[in-house]
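Just so you know, the protein sequences line up as chains L and D, in that order.
Those letters in the first sequence? Residues 1 to 468, per our numbering, in order.
Those letters in the second sequence? Residues 1 to 343, per our numbering, in order.
Simulated from the structure, these hints should not be mistaken for lab results.
Glycine included, every Cβ here is placed at the ideal spot set by N, Cα and C.
Hints may contain errors.
[Stated by the list, open to error] To give a feel for the contact side, a few chain L residues facing chain D, derived at Cβ under 7 Å: (1) His127; (2) Val139; (3) Val400.
[As the list claims (entries may be wrong)] Non-contacting residues of chain D with respect to chain L, defined by C-beta distances greater than 12 Å in every case (computed): (4) Ala51; (5) His106; (6) Ala208; (7) Ser285; (8) Pro292.
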Amino acid sequence: MHLDAIILARLQFAFTIAWHIIFPSFTIGLASYLAVLEGLWLATRRQAFHALYHFWIKIFALSFGMGVVSGVVMSYEFGTNWSVFAAKVSPAIGPLLGFEVLTAFFLEASFLGVMLFGEKKVGPRLHFVATCIVAGGTVVSAFWILSANSWMQDPTGFVMDARGRFIATDWLEVIFSPTLPLRFAHMLLAAYLTTALVVGAASAWRLLREPGQAESRIALRMAVGMALIVAPLQLMVGDSAGKQVGQVQPSKLAAIEAFWDTKSHQAFNIIAWPDRAAQGNRFAVSIPDVGSWITHGSAGAVVTGLKAYAPADQPPVAVVFWAFRVMVGLGLLMIAQGLWGAWLWWRKKLETTRPYLWFASAMGPAGFIAVVAGWTTAEVGRQPYVVFGHLRTADAVSPVGAGSISASLLAFVIIYAVVFCVGALYILRLIDRGPAPGAAAEPSSRSRSPGSALAAAPNLSKEPGHDA
Amino acid sequence: MTLDLPLIWAGVLAVAVLMYVLLDGFDLGIGILFPFARSDEDRDAMMNSVAPVWDGNETWLVLGGGGLFVVFPVAYAILMPALYLPVMAMLGGLILRGVAFEFRLHGRRTGRRFWTWAFAGGSIVAAAAQGLVLGGFIQGVVVRGDQFAGGPLDWAKPYTLLVACGVVAGYALLGAGWLVLKTEGGLHAAARRWTVRLAPIVGLILVAVSLATLFVHPPLATRWGLGAAGVDPARLAMVSPIPLLGVAGLILAFVGGRSPKGHAFGPLVGGFLAFLSGYLGLAVSFLPFVVPYSVTYEDAASTPAALGLMLVGTLVLLPVILGYTAWVYWIFRGKVGADAGYH
Numbered sequence: 001m002h003l004d005a006i007i008l009a010r011l012q013f014a015f016t017i018a019w020h021i022i023f024p025s026f027t028i029g030l031a032s033y034l035a036v037l038e039g040l041w042l043a044t045r046r047q048a049f050h051a052l053y054h055f056w057i058k059i060f061a062l063s064f065g066m067g068v069v070s071g072v073v074m075s076y077e078f079g080t081n082w083s084v085f086a087a088k089v090s091p092a093i094g095p096l097l098g099f100e101v102l103t104a105f106f107l108e109a110s111f112l113g114v115m116l117f118g119e120k121k122v123g124p125r126l127h128f129v130a131t132c133i134v135a136g137g138t139v140v141s142a143f144w145i146l147s148a149n150s151w152m153q154d155p156t157g158f159v160m161d162a163r164g165r166f167i168a169t170d171w172l173e174v175i176f177s178p179t180l181p182l183r184f185a186h187m188l189l190a191a192y193l194t195t196a197l198v199v200g201a202a203s204a205w206r207l208l209r210e211p212g213q214a215e216s217r218i219a220l221r222m223a224v225g226m227a228l229i230v231a232p233l234q235l236m237v238g239d240s241a242g243k244q245v246g247q248v249q250p251s252k253l254a255a256i257e258a259f260w261d262t263k264s265h266q267a268f269n270i271i272a273w274p275d276r277a278a279q280g281n282r283f284a285v286s287i288p289d290v291g292s293w294i295t296h297g298s299a300g301a302v303v304t305g306l307k308a309y310a311p312a313d314q315p316p317v318a319v320v321f322w323a324f325r326v327m328v329g330l331g332l333l334m335i336a337q338g339l340w341g342a343w344l345w346w347r348k349k350l351e352t353t354r355p356y357l358w359f360a361s362a363m364g365p366a367g368f369i370a371v372v373a374g375w376t377t378a379e380v381g382r383q384p385y386v387v388f389g390h391l392r393t394a395d396a397v398s399p400v401g402a403g404s405i406s407a408s409l410l411a412f413v414i415i416y417a418v419v420f421c422v423g424a425l426y427i428l429r430l431i432d433r434g435p436a437p438g439a440a441a442e443p444s445s446r447s448r449s450p451g452s453a454l455a456a457a458p459n460l461s462k463e464p465g466h467d468a
Numbered sequence: 001m002t003l004d005l006p007l008i009w010a011g012v013l014a015v016a017v018l019m020y021v022l023l024d025g026f027d028l029g030i031g032i033l034f035p036f037a038r039s040d041e042d043r044d045a046m047m048n049s050v051a052p053v054w055d056g057n058e059t060w061l062v063l064g065g066g067g068l069f070v071v072f073p074v075a076y077a078i079l080m081p082a083l084y085l086p087v088m089a090m091l092g093g094l095i096l097r098g099v100a101f102e103f104r105l106h107g108r109r110t111g112r113r114f115w116t117w118a119f120a121g122g123s124i125v126a127a128a129a130q131g132l133v134l135g136g137f138i139q140g141v142v143v144r145g146d147q148f149a150g151g152p153l154d155w156a157k158p159y160t161l162l163v164a165c166g167v168v169a170g171y172a173l174l175g176a177g178w179l180v181l182k183t184e185g186g187l188h189a190a191a192r193r194w195t196v197r198l199a200p201i202v203g204l205i206l207v208a209v210s211l212a213t214l215f216v217h218p219p220l221a222t223r224w225g226l227g228a229a230g231v232d233p234a235r236l237a238m239v240s241p242i243p244l245l246g247v248a249g250l251i252l253a254f255v256g257g258r259s260p261k262g263h264a265f266g267p268l269v270g271g272f273l274a275f276l277s278g279y280l281g282l283a284v285s286f287l288p289f290v291v292p293y294s295v296t297y298e299d300a301a302s303t304p305a306a307l308g309l310m311l312v313g314t315l316v317l318l319p320v321i322l323g324y325t326a327w328v329y330w331i332f333r334g335k336v337g338a339d340a341g342y343h
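Take these sequences, add in the hints, and give me the full structure.
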């Protein structure tokens, strides 16, 4: 009974947070992209940038809305599902989350209104400032969340009191725990990459349907340029973050690589079937020595294996192992996408090479999958602890019965299925329609009341089957 | 002289929750009134009137929940499990009505109808769930050690249902007051009618809740000068301005709704005053408890270091937040017409 409640509480939290992280990953990057587009428009007055801005801001509004509502859930679930965790860690990381609300959430939410509805009221320059503030707010928000989460991975700057609470002794050490810089950079780059892939996919899709579409050509080039630079950079940052995991969370690294024995000359498992019951890999395709080299920089390095920990202290290895491989595999595809795209661009064939356009379209969701896989690696790899080395997940759970949790989990599954499927449908519909060409249509469509009969009228004429 | 950090924080958090109730109150109220609108154009105008500000309004809820976690972690850790199902229902309702702002614009015929009702239904569920949370809070929760030790349905009592009705009606009144201020023509007239009908309903429920509260927890009566030992006139005189403020607010809303030439701010301000009165009433009834009848704000407080750090940050940031929030309301001041300038 008690065990059921823990598993259900974890399932519910994992379900809600995995869906939630998809939206910030996209909106962090998209807000910055919108700021760049609006800045370019103000600087050059090229209508194409304005058209792109007005195309992507609709998708941003939909995504941001879904991010906000799924995020409010998180701020309460700490207490509903993990009340013991909340009570014990609040004196250390509570203020970090408090500052997230005060420095980021209010900023984003308030200036979002100006960004979406205020262009005619405040004028283009102030509107650009509002866009930049929203973009900055998303980054600040990511900073605080990564700060709190990094502290949970490798807590520093605290002592434990008699009640088992984590009492902060040095705020700078709590906020800037050792893994924060690399993990924050890793997340930001992931967000920019995710956005670049979506922008690339939308533009490629448009060019497949309507070759030579001016706005989509510009956006595709921007996306390729972004992927070309950010994807390899992300590999380097990710590699450094992985090496740091080996220092501060050796059990997580052992799970990522499915190392069981502690030894030098670890083989690198390309694929494996790790089995906790057998305390070993039932099957593996490996390269000798590369495991030690890739994790610690030399084949002779001794790398801790999972057997160094009691089975109860080992993370669920198969999930971590495979989640990591999904992330890295997609990352390598992203690097390939950037390089191939750059080569085609150089040969002046980027917009006309249909296999590339199909590939870029298919890679649209890759960033989201990689982000969820990466976070799965980080969070499942931290198990069985919620605060690594100090507080077990099983000891952090709320005194709430399995019945309440399963009822609300079921409700969340239904609501999220409806909301996020419909949201995805609306976004895909917008992407399929593509940016409004040129400047002619824009000013009038902005001045109309949303959802009024008039607002829908031009679409009706352009698009048969509008009321399907 | 040393600062009483927990007391200061109890005050700051109380203000944050009050801000939430007043601001998100009127935009949840718009959703509650949605089924009563006569036409789809009216519903569009109602939604447009809050579309630029609803997200900022809801952020006060995150500050309320997050603030409780930061400042009074013991209370947060007791109340969230105790009120698990109402909190979850509130979150579900807020999701449906929150996405409806955007989704309603993108839906075709069926989708648009669905999100219209999701906005209304989500708003009503969220408001009612907040009422259940408030009612469950007032009637007190079972605590052992520093943990909730009651059952999952402890909150489900006729009393909490009454409070839930009160919150739904009260938010609807705020929504109607907001619409009186922000709209014109037929919708404006409808909003005035809603105000006139809602003000007495809210008044009746407030009286019922006040009396029921004395029965739910008789010791409270002494705080209002009405104890078993007889009436304490000095105490009664001291606290009586609070209910009188509520009565004045409701009269203002009623009169403001009745007179077509009345000031457009009247109904909204009246609604605000009614909520302020209820809020002060709670403060008189419950200080110093943050989990009624078992945990005081001092027991529940985080460490002085955490409270101090947050206080410094809040003293700097909260005025800035209030400043740009006011600026955004100023930008979007005036009547919502056909030209809402979306995107």
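Hint-by-hint comparison with the structure:
no.: 1; hint: His127; result: 11 Å, violated
no.: 2; hint: Val139; result: 17 Å, violated
no.: 3; hint: Val400; result: 5 Å, holds
no.: 4; hint: Ala51; result: 6 Å, violated
no.: 5; hint: His106; result: 4 Å, violated
no.: 6; hint: Ala208; result: 29 Å, holds
no.: 7; hint: Ser285; result: 24 Å, holds
no.: 8; hint: Pro292; result: 17 Å, holds
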